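S.K.: Chain by chain, the residues run as shown.
There are 4 protein chains.
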Amino acid sequence: MIIQLQSEMNQADQQFIVDAVVGQSFTVNEINTQQGKYLVCIGKNDIDMRTIGNLPGVKDIHRVSDPYKLVSSKWKVGKSAIDIGDGIKIGNGDFQVMAGPCSIEGEEQIRSTIKHLKSLGIKIMRGGVYKPRSSPYSFRGLGMEGLKLWHQIAKENDIKIITEVMQVSQIEPMHDYIDIFQVGARNSQNFNLLDELGKVDKPVMLKRGISGTVDELLQSAEYIFSNGNEKIMLCERGIRTFEKAYRNTMDINAIAILKERSHLPVIADPSHGIGIRKYVDKIAMASVVVGADAVIMEVHECPEKAFSDGQQTLDYKQSENLMDKMGRLRAML
Amino acid sequence: MIIQLQSEMNQADQQFIVDAVVGQSFTVNEINTQQGKYLVCIGKNDIDMRTIGNLPGVKDIHRVSDPYKLVSSKWKVGKSAIDIGDGIKIGNGDFQVMAGPCSIEGEEQIRSTIKHLKSLGIKIMRGGVYKPRSSPYSFRGLGMEGLKLWHQIAKENDIKIITEVMQVSQIEPMHDYIDIFQVGARNSQNFNLLDELGKVDKPVMLKRGISGTVDELLQSAEYIFSNGNEKIMLCERGIRTFEKAYRNTMDINAIAILKERSHLPVIADPSHGIGIRKYVDKIAMASVVVGADAVIMEVHECPEKAFSDGQQTLDYKQSENLMDKMGRLRAML
Amino acid sequence: MIIQLQSEMNQADQQFIVDAVVGQSFTVNEINTQQGKYLVCIGKNDIDMRTIGNLPGVKDIHRVSDPYKLVSSKWKVGKSAIDIGDGIKIGNGDFQVMAGPCSIEGEEQIRSTIKHLKSLGIKIMRGGVYKPRSSPYSFRGLGMEGLKLWHQIAKENDIKIITEVMQVSQIEPMHDYIDIFQVGARNSQNFNLLDELGKVDKPVMLKRGISGTVDELLQSAEYIFSNGNEKIMLCERGIRTFEKAYRNTMDINAIAILKERSHLPVIADPSHGIGIRKYVDKIAMASVVVGADAVIMEVHECPEKAFSDGQQTLDYKQSENLMDKMGRLRAML
Amino acid sequence: MIIQLQSEMNQADQQFIVDAVVGQSFTVNEINTQQGKYLVCIGKNDIDMRTIGNLPGVKDIHRVSDPYKLVSSKWKVGKSAIDIGDGIKIGNGDFQVMAGPCSIEGEEQIRSTIKHLKSLGIKIMRGGVYKPRSSPYSFRGLGMEGLKLWHQIAKENDIKIITEVMQVSQIEPMHDYIDIFQVGARNSQNFNLLDELGKVDKPVMLKRGISGTVDELLQSAEYIFSNGNEKIMLCERGIRTFEKAYRNTMDINAIAILKERSHLPVIADPSHGIGIRKYVDKIAMASVVVGADAVIMEVHECPEKAFSDGQQTLDYKQSENLMDKMGRLRAML
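Protein chains in written order, with the numbering used here: chain L, 51 to 383; chain A, 51 to 383; chain U, 51 to 383; chain Y, 51 to 383.
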């Protein structure tokens with residue numbers, strides 16, 4: 051059960067409500083986000099919600115049977131739009147493409163990429179400066195130095211930055227240089243990281259785990275929300291199955307279901323979702339048809355020469371063609 | 051290696067070619083289909099294909115490194131279209147929708163369904179008369195009696211029939227009453243059934259196994275082709291994964307890959323691909339975007355009352371809406 | 051609900067019971083096996099079983115909430131032992147090893163194998179004469195001719211035969227030459243084959259599907275039982291997962307659970323369960339510890355030269371060592 | 051390629067070797083652990099190892115084709131034993147059981163558990179003070195306060211402590227109060243955490259990810275080793291598959307393979323491996339037969355009242371029986 055409180059309410063009224071709910075054998079979590087005040091009440095009793103709903107200071111009250119609460123569409127029927135700044139929004143009708151290389155490699159690459167993205171009308175650039183790699187002997191990214199360089203060039207060119215944060219201690223140093231924190235698939239249930247990202251005022255794109263369920267993804271999002279940050283986007287990036295004809299199995303079913311179960315925007319990652327360059331455009335198109343609010347994809351001037359593995363990365367011409375096709379598709383939908 | 055022979059060639063010339071290839075330590079499978087003559091040659095030697103290619107009676111010769119041969123696009127680059135009769139085709143640009151109930155229930159249901167399908171321009175009706183059921187105590191279909199009734203009404207109304215064949219002994223009795231044999235997911239590697247379907251002159255729609263790989267599906271198709279029947283359609287119907295938020299995981303990656311690896315048409319089954327009615331339209335649309343040559347879907351006047359489980363079945367209004375949306379989508383592509 | 055009837059009961063009494071149950075809105079399946087008479091009653095009502103239990107002709111009555119009925123241990127608490135003939139039994143304390151090659155290759159191989167098996171005290175020989183192969187161009191077994199040869203030599207040497215039956219039309223020709231029908235993983239839900247095997251008087255070993263659930267396996271066994279054949283053994287042979295370090299994932303959890311949910315014997319196939327020769331002994335030992343009633347394994351005089359792929363096949367020395375280890379282990383348990 | 055250096059070698063000799071290898075287009079990682087000095091060289095050239103092997107300061111040189119290097123048995127053929135202190139060892143023939151509750155609940159529970167464990171001869175107690183929970187509203191453990199209390203009572207009773215560390219910032223505070231750091235399944239690829247655990251002088255038990263491959267687990271172990279800590283134990287705890295008859299699929303295949311591919315000890319977690327109390331003993335026994343060097347299991351005086359979910363937790367009597375059975379089994383092996 052979620053009780054939404056009036057934002058200006060006094061402490062005594064709030065305590066009165068908490069006591070009333072606790073009196074019904076519920077545990078109460080008092081949640082203050084940047085946008086609102088909520089009581090998330092967990093319990094098994096059948097409670098008469100009208101009694102609570104009429105108390106002073108209660109704005110709204112909803113029963114939410116899902117294991118996740120504040121991210122559920124059972125509480126908030128309308129769709130959330132995430133504000134990236136400068137009028138760029140994702141969700142509730144606003145669609146964006148985020149594109150860029152797997153790894154940030156250096157100034158020349160950054161400038162070339164930004165020039166290309168801007169020519170296509172893309173407003174958000176992706177790229178890794180901290181790379182999760184299976185082997186400790188692989189390239190792990192340029193780190194903060196690379197991020198600062200990227201940030202400087204991006205600001206000059208009015209382009210937003212999304213990049214992966216891998217641990218709590220990186221949040222603060224990265225904060226002023228990024229526009230969206232990305233949580234990678236391997237950290238989808240790194241609960242301490244999620245807790246801390248709930249305390250920042252920047253949007254977070256949360257990727258589904260490699261074998262994470264839809265339910266687990268939504269509960270991970272609940273970690274962020276319940277710590278105070280409502281600006282969350284969910285990302286489907288393919289799951290691990292028995293099939294070896296491609297890298298991951300893009301789960302478009304999950305996109306359809308997430309869009310219905312949650313008010314949060316859902317983003318598709320077709321690059322990882324299939325992992326083979328020549329099919330990325332088809333998977334991107336399918337994701338758009340199913341309802342994705344944004345697409346995040348890998349683009350590089352010369353994928354064969356990309357740091358890390360570029361086999362799922364589009365070149366400039368391919369990304370231009372895909373932008374064109376997605377534009378026409380969205381116009382039709 | 052596939053050697054395509056001229057159809058009118060004499061036996062001596064053919065034997066000469068066979069001997070030449072066997073002399074290179076290849077085993078040779080002589081394949082006669084309703085449409086052509088082929089030698090499928092399996093071996094490890096590096097052979098000079100020009101020597102063979104110049105022999106009398108050889109139309110064409112191709113190296114095919116895939117484990118499947120005659121169904122591979124490495125041998126036949128152009129796409130195959132399957133002729134269902136009366137000008138109805140699937141593949142190589144021709145798109146069809148096949149729709150109807152899970153199970154054939156009786157005359158009234160058949161007439162109602164056909165009337166509905168015809169109003170939407172749908173030319174092929176699906177429905178089960180032999181139903182594979184996990185439990186021996188469940189309804190297993192009306193059998194031949196139901197099929198004969200259905201066939202009579204369908205012919206009166208110029209609508210084609212696709213239905214599942216479950217065992218070799220059913221092929222002959224069913225043959226004259228159906229237009230397309232469907233092989234279900236549980237029989238995707240029932241090799242004896244595939245062998246026998248290779249000897250009939252009706253098209254076969256072969257479903258991917260519940261956890262079948264793309265490779266296994268293509269090799270199962272190879273069974274049909276190598277027995278003489280080239281009229282094969284592949285069907286993606288969702289795979290079994292760890293996720294329990296839906297019934298199966300629709301694998302659009304597989305559609306994209308099958309379309310590239312094989313010249314055969316690829317059909318999408320969004321009903322089983324997600325298994326929940328309200329999402330079927332989105333999954334159908336995504337399948338079309340990725341390149342499906344046809345969509346097969348469950349439709350019933352009153353899904354709640356359908357024999358077997360109707361939770362993945364569209365009602366008439368929903369199927370009408372979806373036909374409209376697919377039409378507009380295809381016009382754009 | 052299962053009502054076990056007295057075997058000598060008259061038809062009028064039986065009809066009276068059926069009517070009583072039907073009167074409670076149950077559907078009734080009248081099952082006659084080689085060993086007993088049962089009414090399997092499916093319905094949702096809460097029925098007073100004592101009323102039925104006291105009717106003339108009723109031997110026993112049990113509520114069975116599982117989707118499978120006659121194979122459930124909720125109905126038959128004691129364990130079933132399957133009689134292979136000549137005092138050889140499997141289940142309820144009797145343990146057997148079945149061993150032999152992947153494929154029957156010829157007289158010399160048969161004689162060598164039997165000599166080896168007998169030296170180890172093994173009483174049942176496995177081997178394929180009909181082989182399910184992914185590719186139509188692979189060796190598919192020696193067929194009936196091979197089986198007849200094998201049968202002749204086996205009878206001379208007092209060794210039993212288990213071999214795979216792939217389709218209904220093979221049952222009758224094979225019947226007199228085999229001691230146990232094996233249903234392979236790909237046919238685990240070939241319901242027509244299961245129906246027909248329910249009508250023969252030879253034991254059946256039913257393999258779990260490549261991605262079959264425990265529930266599906268038990269329901270497939272129910273097909274055989276409900277058609278009249280109670281002599282069923284279940285076989286765990288590894289499932290398909292994401293892991294590629296081995297061929298299949300041996301599911302010892304399933305062995306433990308099957309042993310509890312069903313009264314039928316459970317057999318382990320460590321050869322397919324891991325698919326790599328050097329680990330087969332460990333997996334066999336683990337299966338015995340978990341409670342397997344038999345082990346079926348691949349053995350060949352020279353695995354490298356075996357028809358089909360011998361990479362999961364033990365040589366004679368390895369199988370001798372394993373027999374010794376299993377013997378000591380079983381003595382301890 | 052791994053070059054093991056003599057521990058007392060001078061810097062100039064080391065640099066000479068590094069230069070020689072770099073000259074062959076290898077990248078060189080200089081690794082200093084608490085036990086040795088290594089150069090891990092990554093490259094594609096075919097190098098004459100004898101040239102390097104004869105250089106001053108080289109103790110040993112090995113080609114390691116695996117993606118993991120220092121944890122591979124290709125480099126270190128003998129098995130590693132991990133010293134837990136006070137003569138307690140795991141691996142290379144030394145076997146231990148670690149047991150205790152899911153969560154540490156308080157003094158009474160700690161004292162009761164320790165008394166029970168000591169009566170069974172168990173020397174290492176498990177228990178969570180930081181609990182990874184899918185939902186932010188679940189109990190997350192007693193934290194450092196609980197750990198300190200536990201540590202005090204454990205020291206009084208000469209029992210070792212293994213507990214989960216969830217993030218880098220917990221390592222230092224926990225360090226003096228624990229004997230083994232446990233890395234949970236969800237953190238199996240939390241590379242920053244692994245890096246830091248490579249810098250401490252306490253043993254680490256690394257759990258396989260929920261859908262982690264054998265290869266990924268070994269590469270994660272490589273992170274710890276290459277940062278300086280050789281005291282690593284690998285833990286199989288069940289994987290996520292399609293089967294829903296139990297919580298996870300215990301992968302005994304993986305235990306067999308890990309034991310062969312790596313010199314590190316392998317630990318089995320039968321509690322999570324099946325997730326249902328009544329089967330835990332069978333899975334534990336199977337793990338021992340396959341070669342596990344230790345078993346970690348959940349035990350609680352009253353599992354039904356355990357904090358968190360106790361459905362996979364043994365009670366005292368059950369754990370006593372299992373200890374007895376494992377003892378007899380190990381005596382036989």
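The set of hints was computed from the structure by calculation and includes no laboratory data.
None of these values were measured; they are calculated from a predicted model.
Take these hints with a grain of salt, some might be off.
Each pair may be met inside one copy or between any two copies, as identical chains are not told apart.
[As the list claims (entries may be wrong)] For lysine to any residue, the following SDA-like pairs were computed, each having C-alpha atoms within a straight-line distance of at most 20 Å:
id	residue 1	residue 2
1	K181	V218
2	K94	V114
3	K124	L383
4	K294	D265
5	K249	D133
6	K375	G143
7	K249	V218
8	K109	S358
9	K168	Q65
10	K94	H112
11	K124	I326
12	K294	G325
13	K94	F189
14	K181	Q61
15	K181	K355
16	K328	G341
17	K87	V114
18	K328	A356
19	K173	D63
20	K249	S219
S.K.: Determine for every hint whether it applies to the structure shown.
M.R.: To see whether the hints hold, each was checked on the structure:
{"no.": "1", "hint": "K181 - V218", "result": "both (15 Å within a copy, 17 Å between copies)"}
{"no.": "2", "hint": "K94 - V114", "result": "within (12 Å within a copy, 30 Å between copies)"}
{"no.": "3", "hint": "K124 - L383", "result": "neither (26 Å within a copy, 36 Å between copies)"}
{"no.": "4", "hint": "K294 - D265", "result": "between (25 Å within a copy, 9 Å between copies)"}
{"no.": "5", "hint": "K249 - D133", "result": "within (17 Å within a copy, 41 Å between copies)"}
{"no.": "6", "hint": "K375 - G143", "result": "both (18 Å within a copy, 19 Å between copies)"}
{"no.": "7", "hint": "K249 - V218", "result": "both (11 Å within a copy, 18 Å between copies)"}
{"no.": "8", "hint": "K109 - S358", "result": "neither (50 Å within a copy, 33 Å between copies)"}
{"no.": "9", "hint": "K168 - Q65", "result": "neither (52 Å within a copy, 48 Å between copies)"}
{"no.": "10", "hint": "K94 - H112", "result": "within (15 Å within a copy, 34 Å between copies)"}
{"no.": "11", "hint": "K124 - I326", "result": "between (37 Å within a copy, 19 Å between copies)"}
{"no.": "12", "hint": "K294 - G325", "result": "both (11 Å within a copy, 18 Å between copies)"}
{"no.": "13", "hint": "K94 - F189", "result": "between (50 Å within a copy, 16 Å between copies)"}
{"no.": "14", "hint": "K181 - Q61", "result": "neither (45 Å within a copy, 32 Å between copies)"}
{"no.": "15", "hint": "K181 - K355", "result": "within (17 Å within a copy, 43 Å between copies)"}
{"no.": "16", "hint": "K328 - G341", "result": "between (22 Å within a copy, 14 Å between copies)"}
{"no.": "17", "hint": "K87 - V114", "result": "within (17 Å within a copy, 50 Å between copies)"}
{"no.": "18", "hint": "K328 - A356", "result": "within (16 Å within a copy, 41 Å between copies)"}
{"no.": "19", "hint": "K173 - D63", "result": "neither (45 Å within a copy, 53 Å between copies)"}
{"no.": "20", "hint": "K249 - S219", "result": "both (13 Å within a copy, 17 Å between copies)"}
Violated hints, in rising order: 3, 8, 9, 14, 19; the structure is consistent with all others.
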